[in-house]
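A.B. asks: Next come the chains, spelled out residue by residue.
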Amino acid sequence: MKLQHYLGGLEGLDPISLETRIFVEAWEERIFGIHTAMMALSSQLELDATSSTFNTEWTWADLRKGAESMNPFDYFKYRYYEKWLGGISGYFVAKGYIARAELDARTKAFLSSAPAMPRGGDAEVDARVRKYLLIGDDPKRERSAPPRFAAGDTVRVADPNSVDHTRLPGHLRNKVGVIDSVYPDAYAYLCDTGPDGLGKAMPAYCVKFDPEDLWPGNTETNFTFYADLFEAYLEPATAS
Amino acid sequence: MERFEYSRDREAVNAARARALEALLIEKGVITSETVDKIMAIFATEMGPFNGAKLVAKAWVDPAFKTLLAQDTMAAVEQMNFATKGAGAEGEHMKAAINTPEVHNLIICTLCSCYPWPILGLPPYWYKDPSFRARAAREPRKVLGEFGLNIDPTKEIKTWDSSAQIRWFVVPERPEGTEHLGEEQLAALVTPESMMGVAIVKPPSA
Numbered sequence: 001m002k003l004q005h006y007l008g009g010l011e012g013l014d015p016i017s018l019e020t021r022i023f024v025e026a027w028e029e030r031i032f033g034i035h036t037a038m039m040a041l042s043s044q045l046e047l048d049a050t051s052s053t054f055n056t057e058w059t060w061a062d063l064r065k066g067a068e069s070m071n072p073f074d075y076f077k078y079r080y081y082e083k084w085l086g087g088i089s090g091y092f093v094a095k096g097y098i099a100r101a102e103l104d105a106r107t108k109a110f111l112s113s114a115p116a117m118p119r120g121g122d123a124e125v126d127a128r129v130r131k132y133l134l135i136g137d138d139p140k141r142e143r144s145a146p147p148r149f150a151a152g153d154t155v156r157v158a159d160p161n162s163v164d165h166t167r168l169p170g171h172l173r174n175k176v177g178v179i180d181s182v183y184p185d186a187y188a189y190l191c192d193t194g195p196d197g198l199g200k201a202m203p204a205y206c207v208k209f210d211p212e213d214l215w216p217g218n219t220e221t222n223f224t225f226y227a228d229l230f231e232a233y234l235e236p237a238t239a240s
Numbered sequence: 001m002e003r004f005e006y007s008r009d010r011e012a013v014n015a016a017r018a019r020a021l022e023a024l025l026i027e028k029g030v031i032t033s034e035t036v037d038k039i040m041a042i043f044a045t046e047m048g049p050f051n052g053a054k055l056v057a058k059a060w061v062d063p064a065f066k067t068l069l070a071q072d073t074m075a076a077v078e079q080m081n082f083a084t085k086g087a088g089a090e091g092e093h094m095k096a097a098i099n100t101p102e103v104h105n106l107i108i109c110t111l112c113s114c115y116p117w118p119i120l121g122l123p124p125y126w127y128k129d130p131s132f133r134a135r136a137a138r139e140p141r142k143v144l145g146e147f148g149l150n151i152d153p154t155k156e157i158k159t160w161d162s163s164a165q166i167r168w169f170v171v172p173e174r175p176e177g178t179e180h181l182g183e184e185q186l187a188a189l190v191t192p193e194s195m196m197g198v199a200i201v202k203p204p205s206a
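Residue numbers (this note's numbering), protein chains in the order written: chain R, 1 to 240; chain A, 1 to 206.
Keep in mind that the hints were calculated from the coordinates and are not lab data. Treat the hints with care, as some may be off.
[What the hints assert, rightly or not] Examples of chain R residues toward chain A, derived with CB under 8 Å:
{"hint": "1", "residue": "20"}
{"hint": "2", "residue": "98"}
{"hint": "3", "residue": "126"}
{"hint": "4", "residue": "137"}
{"hint": "5", "residue": "141"}
For glycine and all other residues, C-beta sits at the position ideal for the given N, C-alpha and C.
Make a model of the complete structure from these sequences and hints.
C.D. replies: What follows is the structure in structure tokens.
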């Protein structure tokens with residue numbers, strides 16, 4: 001069980017940060033840009049090949065797996081983009097693009113002076129990145145079977161084992177809700193999550209929950225909670 | 001408050017590590033020396049909350065468009081001539097939650113930071129903060145109060161948790177006293193926070 005999967009409803013936390021900036025340190029833009037370029041150049045996309053030497057897969061699922069595998073105290077300790085910096089650096093080392101010693105030495109060099117950044121690269125690489133941003137990576141697929149549930153159906157949220165990644169918010173496990181709407185077609189997820197159940201395209205639903213069922217006697221009134229859930233996470237409410 | 005101890009050179013090391021990584025990736029041909037700057041330029045001019053503000057302003061002046069935005073969000077977005085058209089990374093499938101006198105909507109992502117990039121750009125820090133994600137799910141009124149927004153107890157709050165592949169945003173209510181304003185002037189009033197549900201749009205005099 002990972003705390004990162006069960007954040008919804010967690011008590012005892014501090015007042016909300018009202019920080020409205022997107023980046024609070026200049027370097028954060030750089031790691032955000034690197035991540036976005038990796039997603040755009042990722043090998044599974046059906047975009048024109050470029051001269052980029054990036055030849056492996058990198059999606060949100062990879063970034064999320066990294067964050068979900070962290071020590072939960074560190075997850076709270078480090079700022080959002082610090083987690084990205086750690087995860088992305090680790091990926092390039094693990095995949096052999098960069099040697100750990102090389103990254104450490106270069107970091108040291110930048111700490112003690114400000115070496116000029118290298119220049120160059122093929123414009124086609126940046127063209128693919130732009131194209132990816134403008135069109136995205138559509139997860140929608142044709143349905144292979146009709147959806148199991150219809151609007152108005154009462155459903156119970158499943159409680160599958162999660163291995164390294166899930167899209168099921170922990171506070172909804174085993175809870176009963178009502179299908180508010182059925183999204184058209186089917187949605188694929190970025191990777192196979194094993195016994196958790198995601199991977200192949202499946203219907204997705206917007207499910208309505210009464211917060212009083214989620215946190216009895218410990219929530220607010222005149223409030224409704226909605227969550228978008230993949231079909232693998234839902235069972236008929238009668239099954240127990 | 002600081003609950004954790006950090007090394008004194010925390011930010012200097014982070015900055016050096018990020019520069020070192022980018023330099024090595026350029027040298028090894030993974031990205032170019034322009035890649036990151038070009039990405040940031042797209043978010044500064046083509047994918048950002050300025051698009052969402054135009055959508056909201058159009059919905060305020062055009063009731064048919066507002067209805068379309070509620071019923072088929074992507075069809076409405078497609079009419080806007082944004083660089084991303086009816087698509088874009090993290091916005092392939094978007095849904096609008098429309099505020100009314102009876103309902104106030106709030107978007108959250110309890111698992112990570114899902115956000116409709118083509119129309120809102122990148123999420124502010126508070127939205128990514130684990131405390132917001134944890135607390136807004138269970139006690140939205142209290143959380144909104146910390147943002148200085150007190151929702152009348154008789155008004156329903158609907159919270160939308162983006163855990164699948166759909167990205168949500170809020171269409172705030174048009175403030176009173178703006179009948180004389182045109183679409184462009186109206187768009188200038190719309191803040192990112194109001195399109196996430198932690199603020200309302202204030203009239204220009206406020």
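A.B. asks: It remains to establish, for every hint, whether it holds in the given structure.
C.D. replies: For each hint, the structure was consulted:
Checking residue 20/R against chain A: minimum C-beta separation of about 5 Å stays under 8 Å; hint holds. Nearest Cβ of chain A to the Cβ of residue 98/R: about 5 Å, under the 8 Å cut. The hint holds. At about 5 Å, the closest approach between the beta carbon of residue 126/R and any beta carbon in chain A falls short of 8 Å, and the interface hint on this residue holds. Among the interface hints, the one on residue 137/R holds; its C-beta lies about 7 Å from the nearest C-beta in chain A, closer than the 8 Å criterion.
The interface hint given for residue 141/R is violated, since its Cβ lies 11 Å from the closest Cβ of chain A, which is over the 8 Å cut-off.
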